[in-house]
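Below are the chains, spelled out letter by letter.
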Amino acid sequence: MKTILFLCPDDEKPSGGVRRMYRYVDILNEAGFAAYILHQKEGFRCRWFENNTRIAYVVEDKVAIQGRLDYLVLPEIFGPTTGRIGRGIRKVILNQNPYLTFRGYSFDKDDFTTPYLDPETVAVLVVSHDSEQYLRCAFPKQRIVRIHYSVDPNFYRYHAQKKPRIAFMPRKNPEDLLQVINILKFRGALKEYEIVSIDKVPEQQVAEILRETLIFLCFSHPEGWGLPAAEAMSSGCVVIGYHGMGGMEYFKEEFCHPIEYGDILGFARTVEDVLGLHRKNPAALVEKGRLASEFMRRNHHPDQEKKDLLNFWTNLA
Amino acid sequence: MSGPAARARVFAICSDFDRPLGGNKKLYRHVDILNNHGFDAWVLHEKVGFRCTWFRNSTRVAYVPDLPGLGPPDFLLLTEAHASPGWPIPRGVAKVILNQNCYYTFNSFSLDPKDLRTAYHDPEVVATLVVSDDSRAYLEYVFPHQRIHRIHNAVDEDLFTFSAHKRPLISFMPRKHSEELLQVISLLKFRGVLRNFELAPIEHKTEEEVAAILRDSLFFLNSGYPEGFSLAGAEAMACGCIVIGYHGGGGREYFRDEFCYPIRQGDVLAFAQRVEEAIGLHQANPGALAEKARKAADYVRTNYSSERETRDIVGFWSSLRAEADGDSTR
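Which chain is which? The protein sequence lines are A and B, in order. Everything in the first sequence is counted per the numbering used here, starting at 428 for the first residue and increasing by one. Everything in the second sequence is counted per the numbering used here, starting at 14 for the first residue and increasing by one.
Just so you know, the hints here were simulated from the structure itself, not pulled from any lab data. Hints are all accurate, no fakes.
Here are the computed lysine-lysine pairs in the BS3-like style, where the Cα-Cα straight-line distance is at most 25 angstroms:
id, chain 1, residue 1, chain 2, residue 2
1, A, LYS707, A, LYS590
2, A, LYS707, A, LYS618
3, B, LYS189, A, LYS536
4, A, LYS489, A, LYS468
5, A, LYS589, A, LYS679
6, B, LYS127, A, LYS599
7, A, LYS618, B, LYS127
8, B, LYS189, A, LYS599
9, A, LYS536, B, LYS218
10, B, LYS38, B, LYS60
11, B, LYS127, A, LYS627
12, A, LYS536, A, LYS568
13, B, LYS127, A, LYS589
14, A, LYS590, B, LYS127
15, A, LYS679, A, LYS599
16, A, LYS429, A, LYS489
17, B, LYS179, B, LYS189
18, A, LYS679, A, LYS707
19, A, LYS536, B, LYS179
Pulled from the structure, derived: some chain B residues nowhere near chain A, Cβ distances all over 12 angstroms:
id, residue
20, ARG22
21, GLY35
22, GLU59
23, LYS60
24, ARG64
25, GLY82
26, TRP100
27, HIS178
28, ALA291
29, ARG307
30, GLY328
31, PHE329
32, SER331
Glycine included, C-beta positions come from ideal geometry on N, C-alpha and C.
Make the full structure from the sequences, and use the hints.
See the structure below:
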């Protein structure tokens with residue numbers, strides 16, 4: 428039985444990455460591993476989502492767990508010196524967004540400090556094809572393994588009856604969002620549509636909003652995989668927007684409308700075209716949403732993610 | 014050169030901000046060009062005694078508290094920032110908006126679909142000036158009834174001069190999307206590509222120092238977006254750099270494959286890969302790259318000259334003045 432610690436920031440702010448780590452610990456424990464989330468502050472636990480995940484704490488520089496520690500899992504966000512944590516322990520980096528890999532690094536071309544070249548780092552887990560390519564390019568000798576992120580189709584449930592509603596999340600690239608909405612409103616394109624900003628609402632409510640939403644505008648960039656757009660697709664929304672690089676693999680033109688990052692005019696024009704199509708042939712749009720949802724269910728089911736994760740940990744020598 | 018009778022005054026409102034900001038410098042230059050061609054033009058600051066000092070100028074400056082009544086036949090020149098709903102635009106005077114970055118047009122607008130306040134629908138706003146074809150397309154799409162006129166920004170040909178003698182130097186401006194530049198540089202260094210190159214981050218430098226670095230640089234990484242025109246990329250081309258990076262929207266018109274290596278915005282991996290390829294090409298066939306750089310410099314010199322900028326600005330204001338004079342004699 429392998430004992431695995433997932434080093435996790437003590438941050439109560441909602442974060443998809445942290446949520447994922449908790450979930451991976453749960454999956455591993457259910458499968459017979461001894462996995463823990465490792466928090467620094469004694470007693471800390473993320474409470475913004477329901478969980479009962481097994482947690483260990485650093486107390487006086489020691490971690491109180493039963494048995495020998497086999498692996499320490501590091502997130503991608505802790506910078507170039509992360510490798511110094513837990514000397515003597517084998518490490519896996521869980522890189523959920525490669526675009527954060529070099530945060531905290533320097534422009535000094537002779538400074539090669541990085542955990543990715545540390546002999547104690549035995550593998551890097553990534554969550555998209557794009558991430559895989561990025562990290563292979565940076566560290567061609569490192570072992571990179573891809574896990575398929577998933578969306579729960581029972582939670583982000585497909586619904587064919589859509590309201591004439593356009594939804595978005597205003598936290599991601601708000602300047603671009605502001606431009607697209609204003610261009611559309613000054614052109615009079617939004618008159619018959621309800622505009623819904625999804626912000627600071629519980630997950631359950633997000634799912635309910637998406638279920639009845641016709642069009643979801645995605646402004647996220649850069650993304651490891653792009654969970655919000657995937658959740659919107661699972662709910663049957665027609666997604667228009669940025670794939671954030673990580674989402675390139677599922678932003679397929681047969682069921683959504685990818686926009687090149689920063690092409691504000693192209694974004695607004697596409698929304699206007701899609702609204703035109705909706706007025707002319709609403710069924711065609713609903714069908715697009717159905718295809719998107721089906722794609723998500725087929726390719727990004729939680730069973731697949733679980734299988735990928737267990738395969739990796741089982742085969743790790 | 015003789016211009017129209019100095020009757021109407023043009024007041025160009027400028028933020029009281031004395032740090033390097035290309036837009037403010039261009040505004041001062043706009044006023045200088047008008048004064049050199051028979052117009053009566055002023056930069057207008059709020060704070061009495063304020064003047065931008067980070068670049069050399071002796072531009073005519075007026076101050077809001079000292080300003081005698083504005084009214085016909087005067088013109089007020091607003092920046093895109095002053096054309097936002099929160100800014101109290103004086104009434105009773107004709108206005109022109111100088112929109113130097115269309116992507117800032119809606120800064121401080123609201124997401125409320127019913128809030129339709131905008132200077133671009135104000136009947137006193139007689140025209141909007143833009144600095145690229147990209148900006149023109151953007152504003153014509155949003156405000157199809159607004160009169161949009163494009164002027165060509167100039168690259169200072171006395172400062173940003175061509176040099177064929179390059180050092181193995183890669184320069185960039187870390188203040189523009191530093192996190193993306195850091196990724197590009199890190200990807201390259203961990204791949205061992207930068208061994209024979211020096212890096213030159215351009216920050217806190219005078220214009221003369223910037224020009225000197227660019228003249229020496231073999232490569233310039235352009236990381237700015239969104240841009241009304243992307244002057245930095247054009248200045249680097251004028252100095253004979255091989256430019257790799259983002260056109261930022263506004264630079265699309267001169268970021269051509271024959272002159273440089275355009276990268277899709279945000280595609281950090283492709284950015285690093287393109288730099289690696291260009292370095293490889295430089296090692297294999299330095300002449301081909303030098304030819305590309307020379308073509309780029311020629312293009313910039315021909316299309317973004319001071320002479321053309323002056324012609325555009327004077328041409329626009331002359332026709333506006335002629336229309337205003339025509340109206341008043343009717």
